[in-house]
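Got chain A; can you put chain B on it based on the hints?
From first to last, the protein sequence lines stand for chains A and B.
Position 351 (the first sequence) corresponds to 353 in my numbering; numbering is contiguous.
Position 321 (the second sequence) corresponds to 323 in my numbering; numbering is contiguous.
Hints in this document: simulated from the structure, not taken from any laboratory.
The structure displayed is predicted, hence computed values, not measured ones.
Fair warning: there could be bad hints in the mix.
Covered stretches of chain B, as calculated for chain A (at least 3 residues, CB under 8 Å) [what the hints assert, rightly or not]:
(1) 248-254
(2) 271-284
(3) 310-320
Using N, Cα and C, we set each Cβ at its ideal position, and we do this for glycine too.
Protein chains: 2
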Amino acid sequence: MHTETLIHAKWIIPVEPHEVVLENHSLAIADNKIKAILPTAQAREEIDAEHIVELLNHALIPGLVNTHTHAAMSLFRGLADDLPLMTWLNDHIWPAEHKWVHEEFVADGTRLAIAEMLKSGTTCFNDMYFFPDITARVAQQIGMRSSVGLIVTDFPTAWADNAEHYIHKAVELHDALRNEPLISTCFAPHAPYTVSDQPLKQLVTLANELDVPIHMHIHETQDEINGSIEQYKKRPLERLKDLGLLSPSLIGVHMTQWTDDEMSHFARSNAHVVHCPESNLKLASGFCPVKQLQDHGINVALGTDGAASNNDLDMLGEMRTAALLAKGVAQDASALPAAQALRMATLNGAIALGLQEHIGTLEVGKEADVVAIDLGHINTLPVFNPLSHIVYAAGREQVSDVWIAGKRQIANGKHTTVDVQRIQTNCQQWQAKLSANQLSSD
Amino acid sequence: MHTETLIHAKWIIPVEPHEVVLENHSLAIADNKIKAILPTAQAREEIDAEHIVELLNHALIPGLVNTHTHAAMSLFRGLADDLPLMTWLNDHIWPAEHKWVHEEFVADGTRLAIAEMLKSGTTCFNDMYFFPDITARVAQQIGMRSSVGLIVTDFPTAWADNAEHYIHKAVELHDALRNEPLISTCFAPHAPYTVSDQPLKQLVTLANELDVPIHMHIHETQDEINGSIEQYKKRPLERLKDLGLLSPSLIGVHMTQWTDDEMSHFARSNAHVVHCPESNLKLASGFCPVKQLQDHGINVALGTDGAASNNDLDMLGEMRTAALLAKGVAQDASALPAAQALRMATLNGAIALGLQEHIGTLEVGKEADVVAIDLGHINTLPVFNPLSHIVYAAGREQVSDVWIAGKRQIANGKHTTVDVQRIQTNCQQWQAKLSANQLSSD
Numbered sequence: 003m004h005t006e007t008l009i010h011a012k013w014i015i016p017v018e019p020h021e022v023v024l025e026n027h028s029l030a031i032a033d034n035k036i037k038a039i040l041p042t043a044q045a046r047e048e049i050d051a052e053h054i055v056e057l058l059n060h061a062l063i064p065g066l067v068n069t070h071t072h073a074a075m076s077l078f079r080g081l082a083d084d085l086p087l088m089t090w091l092n093d094h095i096w097p098a099e100h101k102w103v104h105e106e107f108v109a110d111g112t113r114l115a116i117a118e119m120l121k122s123g124t125t126c127f128n129d130m131y132f133f134p135d136i137t138a139r140v141a142q143q144i145g146m147r148s149s150v151g152l153i154v155t156d157f158p159t160a161w162a163d164n165a166e167h168y169i170h171k172a173v174e175l176h177d178a179l180r181n182e183p184l185i186s187t188c189f190a191p192h193a194p195y196t197v198s199d200q201p202l203k204q205l206v207t208l209a210n211e212l213d214v215p216i217h218m219h220i221h222e223t224q225d226e227i228n229g230s231i232e233q234y235k236k237r238p239l240e241r242l243k244d245l246g247l248l249s250p251s252l253i254g255v256h257m258t259q260w261t262d263d264e265m266s267h268f269a270r271s272n273a274h275v276v277h278c279p280e281s282n283l284k285l286a287s288g289f290c291p292v293k294q295l296q297d298h299g300i301n302v303a304l305g306t307d308g309a310a311s312n313n314d315l316d317m318l319g320e321m322r323t324a325a326l327l328a329k330g331v332a333q334d335a336s337a338l339p340a341a342q343a344l345r346m347a348t349l350n351g352a353i354a355l356g357l358q359e360h361i362g363t364l365e366v367g368k369e370a371d372v373v374a375i376d377l378g379h380i381n382t383l384p385v386f387n388p389l390s391h392i393v394y395a396a397g398r399e400q401v402s403d404v405w406i407a408g409k410r411q412i413a414n415g416k417h418t419t420v421d422v423q424r425i426q427t428n429c430q431q432w433q434a435k436l437s438a439n440q441l442s443s444d
Numbered sequence: 003m004h005t006e007t008l009i010h011a012k013w014i015i016p017v018e019p020h021e022v023v024l025e026n027h028s029l030a031i032a033d034n035k036i037k038a039i040l041p042t043a044q045a046r047e048e049i050d051a052e053h054i055v056e057l058l059n060h061a062l063i064p065g066l067v068n069t070h071t072h073a074a075m076s077l078f079r080g081l082a083d084d085l086p087l088m089t090w091l092n093d094h095i096w097p098a099e100h101k102w103v104h105e106e107f108v109a110d111g112t113r114l115a116i117a118e119m120l121k122s123g124t125t126c127f128n129d130m131y132f133f134p135d136i137t138a139r140v141a142q143q144i145g146m147r148s149s150v151g152l153i154v155t156d157f158p159t160a161w162a163d164n165a166e167h168y169i170h171k172a173v174e175l176h177d178a179l180r181n182e183p184l185i186s187t188c189f190a191p192h193a194p195y196t197v198s199d200q201p202l203k204q205l206v207t208l209a210n211e212l213d214v215p216i217h218m219h220i221h222e223t224q225d226e227i228n229g230s231i232e233q234y235k236k237r238p239l240e241r242l243k244d245l246g247l248l249s250p251s252l253i254g255v256h257m258t259q260w261t262d263d264e265m266s267h268f269a270r271s272n273a274h275v276v277h278c279p280e281s282n283l284k285l286a287s288g289f290c291p292v293k294q295l296q297d298h299g300i301n302v303a304l305g306t307d308g309a310a311s312n313n314d315l316d317m318l319g320e321m322r323t324a325a326l327l328a329k330g331v332a333q334d335a336s337a338l339p340a341a342q343a344l345r346m347a348t349l350n351g352a353i354a355l356g357l358q359e360h361i362g363t364l365e366v367g368k369e370a371d372v373v374a375i376d377l378g379h380i381n382t383l384p385v386f387n388p389l390s391h392i393v394y395a396a397g398r399e400q401v402s403d404v405w406i407a408g409k410r411q412i413a414n415g416k417h418t419t420v421d422v423q424r425i426q427t428n429c430q431q432w433q434a435k436l437s438a439n440q441l442s443s444d
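Here chain A stands alone, though its shape is the one from the complex (with noise of 0.2 Å):
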């Protein structure tokens, strides 16, 4: 058999089956798909390829995928820290929004964040930002796989100008991204505070009518179901169910606010829940009760939110958090087990985004979107088990190398499609003039 890339790997970690760990394997990658995974021992009698990767201390994971990103805010990064989320959002983002946010600004912020993206292994993010034409053409020019949030608000930005208009340029982009390979796209109607009941409903039809997912920030925190309450005599997750956005179709980010009877009719409706543990932590949001949605058998992905409140986009750093964050809140050490915290990293956002036929796991016939982890540095020494290693030990210096679609993104811990000083460059030009706009408005 003759293929383009064979990886020989001292473990593989498919995630499907659940909880296998095969070890001395190899990948075979061909016409961006994975091809074949056997013993390393047949693989070298029997595979002949272009590209050999020896990777003699690794354990290659399916990539991961970052269910919840606000890409260009990296530029944000540190902006504005140990603040609530309202006066996080109302004193210090958004006015940086109103001033800067432009589609340079998303340009630099994507590729910022992409760049760090992959280098920690993520290989697919799902955005929620002004200007998506320019994720996804940052995205497309860099070989990252995405899927780009079709931004939905009531209020004007320098992007659209009413929910009219957000929904009219979201079709558009829709239409213009349909046959992008490494692209998909979501509805991403803001939050139940910023978006209006009649582009909610509009956005329902269209939802059904393209079959594109809608992701959204629901129940970040008890102010948000306060606010709703007060203006709508409900709280948000009623108000959604009741404009029909309950359904498979609905990504709910955070999810931090939880009645018994929203558990159950989340679960009923087979909705998704992406969790963003150290966003919920640093803004003081809540805890979304992971391993009781677990238990509900609601599917549970994984998100680092934006740079801007995280502060960074290390998907392997978010599911050790995740992972030990929701022992703690389950008083319970046996809650969210190492395969299932990578479960929630990979296969389980790429169910929540109708991925999964194409990513989410190291399958025959999936996309190779494949990491490898080096296991051998003394942070990861001795192993016992390479799959507890990469959730509660490895850290993101370790990802050694990241293919997309049978590219190789990362090689030997080096970008290979990125300019990585052009970037550093770039972010010193923008930490200068928002650092003069800070000091100007003090």
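Using the frame of chain A, we list chain B on its own:
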């Protein structure tokens, strides 16, 4: 002025004064100590040095103080996960220790731990384990600063036969180490549930006589409280108070369980808490109420615990988890802000160990325990506030240089005194031995 080493840094964060960030400053080292901190422009004119180190994208911080470790247990990293404390101890860790813990194990495990700690910016660790003489010797050989735990329990181990024997060896070792420049000691009675009244009373007397702190796991879980009420008809802290342990010499580790009265008493006693957030989460031990403790004026230091329940010894990561978790637990996004988290990981540890005259801040006259963190990585760009980035965004891989008592232990990300390859090989040998044993006992 002539000096041995002169470091030109983009930023110096001395920790004392609080929240201060000095830009374009330099730090001069001679005779193991910090000789000067001054603007770089002035330093370039006035100081000549044998070694000049240019760190133009870097922040200098005081060396991190890991105030609770079981260093040798790094060889058990990932041996058993996703289990609650008592199952983990009774069914996995204690049997493994019974079989494996001897001098060679402690030497090799400690060497692994120190290599990991140095690389991630820790310059002092406060340890508790069997064969503390070996821990001290290995730390000394490498040039790592350590506070060695003079362990005491009621139970026989390869190190000692009974409490009396432990105490005898403790006093002997204290005496042997008293003039070692990089070593201090703590009495280390394991926990209220493993040490009976008589040896605890004896330790109080000895601690007073010898002016040595007492380092002890206390109130780690609700189970511990229940057990104590059953056995002693009082909560552990009340029992320790009655035995005379509640004093400025006491370093209480974990402390997830508190009554209001306990907190007030603890505060008045000027005893110290070591917070181990990741271990507490992983074992679902409970949440340490850090903000409340700090509001009571209690000195809270930070520790990783052993790598068997963490599963790393990364104090940068621990600081981040502490800062994030404190906000979630206090439901207050301003709880444990970045500057306070860094103080906890440096000066507060030094205070708990009674070493604040020597380490914990970057101040002229203190020992030169200095860590450089490269903030020019894409993970930490742009930089609006280096203090925020060190806590919320920088990873251990961004630690570029580490000095302990003026000796450069890490230079450009590489160990200077530790043979990493030898440690890797040695770990693989332990991995084979321990794995074989696990399989045979299954």
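Hint check results:
1. 248-254: violated (count 0)
2. 271-284: It holds: at least three residues are needed, and the region 271-284 of chain B offers 4 whose Cβ sits within less than 8 Å of chain A.
3. 310-320: holds (count 5)
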